[in-house]
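Engineer: What follows is the residue order along each chain.
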Amino acid sequence: MSAPYDTILIGAGMSGLAAGIRLAQFDQRVLVLDRHYLWGGLNSFYKQAGRRFDVGLHALTNYVPKGTRGRPLTKLLRQLRIKYDELRLAPQSYSAIRFPDAELRFANDFGLLREDVAARFPSQIDAFERLIRMVDEYDAFDPPDTALGARAVLADVFDDPLLIEMLMCPACYYGSAREGDIDWYQFVILFRSLFQEGFARPEGGIKPLLDLLVNRYKSLGGELRMRTGVKRLLHEDGRCQGVELDDGTQLMATRVLSSAGWSETMRLAGEELHEEHVDEAELGRLSFTETMFVLDQEPKDIGFDATIVFFNDAETFDYRAPEALVDPRSGVICCPNNYQSEEPLAEGLYRLTTMASYDAWKRLDADAYAAAKPRCVEEALAVAARYGIDPRPHEVYRDGFTPLTIERFTGKRGGAVYGASKKRLDGVTPLENLHLIGTDQGLLGVTGSMLSGISIANRYALVPS
Amino acid sequence: MTRDEVILAVKDIIATIAPDEELDGLNETDPLRDQIELDSMDFLDIVMELRKRYSVQVPEEDYPHLNSLDGCAEYLGPRMEDKELKLVNA
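Just so you know, the protein sequences line up as chains V and L, in that order.
In this note's numbering, each number is its position in the first sequence, counted from 1, plus 3.
In this note's numbering, each number is its position in the second sequence, counted from 1, plus 19.
These are computed hints drawn from the structure, not numbers from a lab.
Mixed in with the good hints there might be a few duds.
[To be verified] Beta-carbon label-pair distances, calculated as ranges:
#1 L:42 - V:142: 49 to 55 Å
#2 L:52 - V:275: 15 to 21 Å
#3 L:22 - V:117: 25 to 31 Å
#4 L:43 - V:284: 53 to 59 Å
[To be verified] According to the in silico footprint, chain L covers these stretches of chain V (three or more CB under 8 Å from chain L):
#5 67-75
#6 78-85
From the three backbone atoms N, C-alpha and C, an ideal C-beta is built for every residue, glycine too.
Hey, can you work out the whole structure from these sequences and the hints?
Structural biologist: Following this line, the structure appears as structure tokens:
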């Protein structure tokens, strides 16, 4: 048994690294553990055929220009003592929501969305202004009603259902763990993050951002062990004493913060606690497939100049895990070339994401799985090409992942990218010194996960004695 | 530490916790919250740094004393009299 740590963090994703920096900053003895060999969790990267691909990151949301104060991005930088310029953000060109008969564009200047709403939905512009006021006034970080769904609220505000569907589409895709709807407080957070603030991409993608976090964490004396899985949490009388690793080593700590997910963390705490505290109905079911097409041209030279397009091929938007392998009726197209970058990507890149069924992919044997992947891409493109471009004539390479890939590399049950449908905003678990950070605590996306780690670390691990 | 040194000490801590802020223009009387939008999380950091650098404990009920640079000098002055100024961002 080795000397105790002040804090052990399970998971070297955005939330674990951010929390680790906070604690190491104040001289705690901190250890971050992760079973995978690469850090980043749901926002990681991998190399294949000499190319580096990002997983997760389409955009860093919450973009604000340098010098803006009091917004989530600048708060988070301050907490981590990172200078704005160190992020090296390239802002988006513009993004769009595309339905069969309507398009709404949005950019880092909120005026574009306002103009497009006024032009396409003139009867709804006053209601849209009312929605903005509601969003501005809502305390989304201490919501009075976490069960309230956005659909109910939006139905009261607007009387054109198409506009409701169009606003729901990007909000759900960028962070709803709930099928068919999104929590109202999450919608508020996303409305600000996506529309009122905006999108940017760190130059070089997710890896430079992760390097920044890891280097900062290590320079403060934080310890990071990769390929080191936690087998179980050690606890007695409602207190967590530490962790046991896959190899049987026991490490003691004053407290543990886990980004493994609610169900996964309870499982680490033993069958008894899992049985008592995990409701299988609350497990996240939303997962995705994504295909990355490497192109021989810049996408903007073959007709695609948007950064991100959220499309839906019907009047109504159906956000739920499909019965079939994928649901080609809607999706997200992301083109990292279309950020206003000072370091252009070496090749064209076109990413297509669709909702997918973990269960359906899970049922396939190896041969069927291999055959299904390209077939599903064809199905998805049959619809998606109408809302973007057909990348196939320019394709030089492709790679993709399914819900099973996500589960394998992140340990998230069911490949549930947005975690459990029930969030635990206070981070509290049945063990008094074990707290939840990351996706199941409630804040999503790159910026959200970092804020999750920071806020829980501040609340439970940093309060001065 | 003199009064001026206490203010230097606090400004140096602010330079650490808010690396993007230009601090030359800070005045001593207006609330820091208004001048550079320090929020409660930032005040926690100031307090933690005071403890780390100068072993000064500021109980939570006393945070309002740190409202402005003047307030800091007044409140921290007697508590930091015998401490030596340490500048990290000199």
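Engineer: So, for every hint listed, does it hold in this structure?
Structural biologist: Outcome of the hint check:
| no. | hint | result |
| --- | --- | --- |
| 1 | L:42 - V:142: 49 to 55 Å | violated (31 Å) |
| 2 | L:52 - V:275: 15 to 21 Å | violated (47 Å) |
| 3 | L:22 - V:117: 25 to 31 Å | violated (51 Å) |
| 4 | L:43 - V:284: 53 to 59 Å | holds (57 Å) |
| 5 | 67-75 | holds (count 4) |
| 6 | 78-85 | holds (count 6) |
The structure fails to meet hints 1, 2, 3 from the earlier list, while all remaining hints are met.
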